[in-house]
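Number of protein chains: 2
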Amino acid sequence: MSLEEERKKASFSPTELTQYLYPNYLVPQLTLERIIELNLKCSKIPELNYSLQKFHDTRQQDIIRAYQFGTALKKFSESEKLTRWERRFIMGFYPELTAHVAQYEFFIPSFALQANEEQKKLLLPKMESLEITGCYAQTELGHGSNVRGIETQAIYDENTQQFIMHSPTITSYKWWIGGLGLTATHALVAARLIAKGNDYGPHIFLVQIRDTKTRKPLDGVDVGDIGPKFGLNGNDNGFLKFDYYRVPFDAMLNRFARLTPEGDYELLDPNGIKILYATLVSLRAGIVTDSWYRYACALTISIRYSLVREQFPDHENPNRERMILDYQIQRHKLFKNLARLYGHVFAKKPVSDHYDECERRLFKGDDSLLAESHALVSLYKVYVSHFTVQGLEECRRSCGGHGYMMLSGLPSLYMNHLPTVTYDGDNNILALQAARYLITLMKKQNPQGVFGFLNTPMPDLSVCPDIKDSTYHQICFEAIAKLKIQSVFKKEQDLIAKGFKKPRIWNEFLQVEGIEATEAVYHASLHFYYIEGISKISNLLIRNAIEILRLIYASTELAKYHAELIRLGMPNSIFEQLKEVQLDSLDRTRPNALALIEAFEISETTLNSVIGRKDGKIYQNMVWTSKYMNPVNKGKVFPGIHRYLRPKL
Amino acid sequence: MSLEEERKKASFSPTELTQYLYPNYLVPQLTLERIIELNLKCSKIPELNYSLQKFHDTRQQDIIRAYQFGTALKKFSESEKLTRWERRFIMGFYPELTAHVAQYEFFIPSFALQANEEQKKLLLPKMESLEITGCYAQTELGHGSNVRGIETQAIYDENTQQFIMHSPTITSYKWWIGGLGLTATHALVAARLIAKGNDYGPHIFLVQIRDTKTRKPLDGVDVGDIGPKFGLNGNDNGFLKFDYYRVPFDAMLNRFARLTPEGDYELLDPNGIKILYATLVSLRAGIVTDSWYRYACALTISIRYSLVREQFPDHENPNRERMILDYQIQRHKLFKNLARLYGHVFAKKPVSDHYDECERRLFKGDDSLLAESHALVSLYKVYVSHFTVQGLEECRRSCGGHGYMMLSGLPSLYMNHLPTVTYDGDNNILALQAARYLITLMKKQNPQGVFGFLNTPMPDLSVCPDIKDSTYHQICFEAIAKLKIQSVFKKEQDLIAKGFKKPRIWNEFLQVEGIEATEAVYHASLHFYYIEGISKISNLLIRNAIEILRLIYASTELAKYHAELIRLGMPNSIFEQLKEVQLDSLDRTRPNALALIEAFEISETTLNSVIGRKDGKIYQNMVWTSKYMNPVNKGKVFPGIHRYLRPKL
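In order, the protein sequence lines correspond to chains A and B. Under UniProt numbering, the first residue of the first sequence carries the number 1, and numbering increases by one thereafter. Under UniProt numbering, the first residue of the second sequence carries the number 1, and numbering increases by one thereafter.
Careful, some of the hints might be misleading.
Claimed, not checked - Below, simulated DSBU-like cross-link-like pairs (lysine-lysine); rule was C-alpha separation at most 30 angstroms, straight line: (1) A/K443 <-> A/K490; (2) B/K333 <-> A/K501; (3) B/K491 <-> A/K468; (4) A/K491 <-> B/K468; (5) B/K491 <-> A/K443; (6) B/K490 <-> A/K560; (7) B/K502 <-> A/K333; (8) B/K468 <-> A/K333.
None of these hints come from the bench; they were simulated from the model.
Bound conformation, chain A alone (with noise of 0.2 angstroms):
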């Protein structure tokens, strides 16, 4: 059986799949057309595809290739007149562009959004043609998450009407600011704004950290690169630290708040303390956004590789080995991952208009959207950012042996991925926030919006018309949602009885339940589009394949809360059939799996992969790559071998 006749066997055509999803769901900035377009030609340009060679160099070259990415990238973007949107998507491919992505998505839209009009006159065409090139640096040794706590100071001189840089603490020192280590000439630091012996706590400076001609660190600038992480190695996120560093009055960017001349602080647009929230939420937003195609990637290694190996005898034809995705184990691990997936982006698109319009609405002075897009949107990129994570692993280990294997393809899609459950807002620390904002709804009355349904009454769950019925599973997942942001606020509720405060109540005792409460959250909502994502869906024979999947999204995630179930009142009988449905849909989605995740038109450089390539010719190129693109192996014998190991062994 080849991948090709594996082909025939879909139910429906994957290329009109591939024609629905991108425009709505993936990538809907731009037309299918201009993604081939613009695929075709980047598969053209070699530093803009990735290479097997890419796991057998040093870090040092993965920086190279890094750059030679970014300045490919750039030419082509010239070139092509590209929109921003063309770039991102290009930006895409490549998870470790340190410089461009540094200036492009971080060190530029925050510098237009803080600066005032006269300074974005003076300084945004010069960033724009990368005459100056920088980076964000907010994060600390010493303070992630908490950015209130940042030590590093700007200390006003009235005298000289300069702000005076400096890292008072061996905590304060940036950490971890991606460009900063190798390439920046600039930076944007968050420091506290300290004058007359006020401290006005965080605000935004541009401080020149080299000379950008010789890119050498300017006196007091103590700089360089953090060190090798767990991936991304391509990316040179640095540390930063200053030593009483003079900048100029205007350094401080001036849209929100600026000093006089003589010291005295003015606050200018007393909303701006919202964006600048909002631009945080919009960088989660980017995570739930744009987490698709590391999953889709692995998810289509994982699925071929899975239909050419074999393995133990077939009980139908004991001379032949079986597939192994015709082992119920195999379709049970990848299918409820690509059932995820397809929940993924259904729910990507909703999310991030529901925080596009809560955007729209914040610049016209309107805040009363925020707290709820903030706690949607924590929601997803936690729960998103974790089983994909979590999704990624499962693909890898469904490889065997072999997904171990770095030219696989699949520990680095981790290894890149795996920071997303931490920065931007860790984890834990974004689901306890939209836990204590979901929480507060149960005291409305009527609340609205889209967690409005968790102040419903409960439904009986007794009565199933149709053991596949989408609105049944809706409403089992609301009613286990509300049970347990109820449960949490009936225990805040008798914690603050006792005498006990807010603080102490979510740091001690409420944070393991209030957690677990947002996932049976979360899955409401992303069960919510699910159904809303399918019933659009025009084409009937793709939409009955999708659908088997949320029959395994909800199958799946439902049976975690069987003891939820119960207390509702859904009878053994019905659970036991909603088990069926599960290990049903499974070999129901088998001769459509790889249409399914091929519709995703994941590329084969971007896959880079051995056991992942389309023709399925997976264990002679596993050989040739291993053989004659490993540096270890050449010449016949390992150099040092007879200094270090022979005289001895």
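Take the given structure of chain A and dock chain B to it, following the hints.
Frame of chain A; chain B shown alone:
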């Protein structure tokens, strides 16, 4: 608060705990005095110690470091006249020990087991003196877990009385073989014995593959390193292909079977197959007995870090920040793992004792314990590796962003331990084998042995004398395991009644549920050993501290089976009390946490972590190491920046 002050909080003496743990559980083969002596002596030999420099090295340097370790170990071993267990203990410091581990743990023991007396007399001395260095070559590109499916051929040529080693297909390449890639001069090759047209299945042949002086591969042998992996990159896992390569008649190991010069097959010991099968089991038992080490490393790092790291204002003292171990969620993450680690420690002795007894009997021709031992060891191999890997990652994440730095030591613990879920029997396959064995017990009237409890009457869970009572917890664990195994058994019987054959049932219908059931059996077994282990501790202060860990273990794992507990009649009030016990036990463990993990006495050099230091000076250390040990920071300007970035950017 310093770590020194934290150490004073413990309710017991960690030194006494160390003295109890090491000889009784951790390293029962050596006295604690000898361990301390070996640790001290090794700490003075640079090659036997990790260094932070390692994280900056290339793969070539990793391999060389492994050689240096091996060479230094051999020298030390000779001068100190180390026993086998002493050598093993020291090898445990270093996970990437290609030549030595391959030689002493795989090559020599396999040869000694399968060669006849004559062969041993001739060759064992050369192997012990390392004149011959070898590897054990079984796994192929196309066949891992399915040993019977291997394809490499050893075709007997009666005319020359030679074997012709041949790799007939691309999938028959030997692959993953440790120590083969660059080092071994000889390989024990598992190949199908083919004589007079008969295929006798896999047998073992000792084959020279490289020149012992020059280490050049011999003609007809295609050998090399398979390339970079997720971890363990100091190891030279290799590939090997034969092209009608001739070896002498005595290459075949002859203890269990042999060929006459005429090419007729003679089975010499019908017990042979079972003994070889037991060897596989012993490798798995090794994973169970050794995994505590890396788990303890990760917990030492993350508990120390959590006692130094502060984040967010403390509700009791808003001018200070709160130590992260004083948040409930951090305690939950770490102490759940600390409790598991102690469980693994208490279980490892009874499990390996069981296997040792099985092996003793087997050599006497008595295979009565083999099936049970295989199931027991499989169960523990699967879940000890699973929970250890999961725990290593939970520890890493609990250190936030800094846990993503290689210098934290945490990523490499994960990377290097990860393959334990795949090698020596993939976890899914072993769990399925265990499930099928456990199901067979349901047919026995009165099964004895370690799983005898599975076929006893269901208990009444509605009456709980004391919510902290370990006997009650044990009854609950066993009841859950029974419920789940019996449910799978019933489904199997139903499917058989419907006319399905067992192979199909176990490929297509019962894999998911069968595997889930084994986890419940594992917890019941582990909890039994936990109680047993605690009961033997005579020091009451230590016993009390570890009993609280057992409460964490029991309440955490039982909570996962809430639905089963409801079905078994546990009232909701008891379940709620159990959850309270869990949270309360986390808080009660807090003052003892550091002592409970430091009792494992992991040395600073084996920890090799900037954030897990005994003196708590993490930030100073991070800055110094990133600044001065990081090769990309050498010189003020990164070489290549002008060439690859500057002209364009």
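Verification of the hints:
| no. | hint | verdict |
| --- | --- | --- |
| 1 | A/K443 <-> A/K490 | 11 angstroms, holds |
| 2 | B/K333 <-> A/K501 | 24 angstroms, holds |
| 3 | B/K491 <-> A/K468 | 22 angstroms, holds |
| 4 | A/K491 <-> B/K468 | 22 angstroms, holds |
| 5 | B/K491 <-> A/K443 | 47 angstroms, violated |
| 6 | B/K490 <-> A/K560 | 22 angstroms, holds |
| 7 | B/K502 <-> A/K333 | 22 angstroms, holds |
| 8 | B/K468 <-> A/K333 | 36 angstroms, violated |
Checked against the numbered hints above, the structure breaks hints 5, 8 and satisfies the rest.
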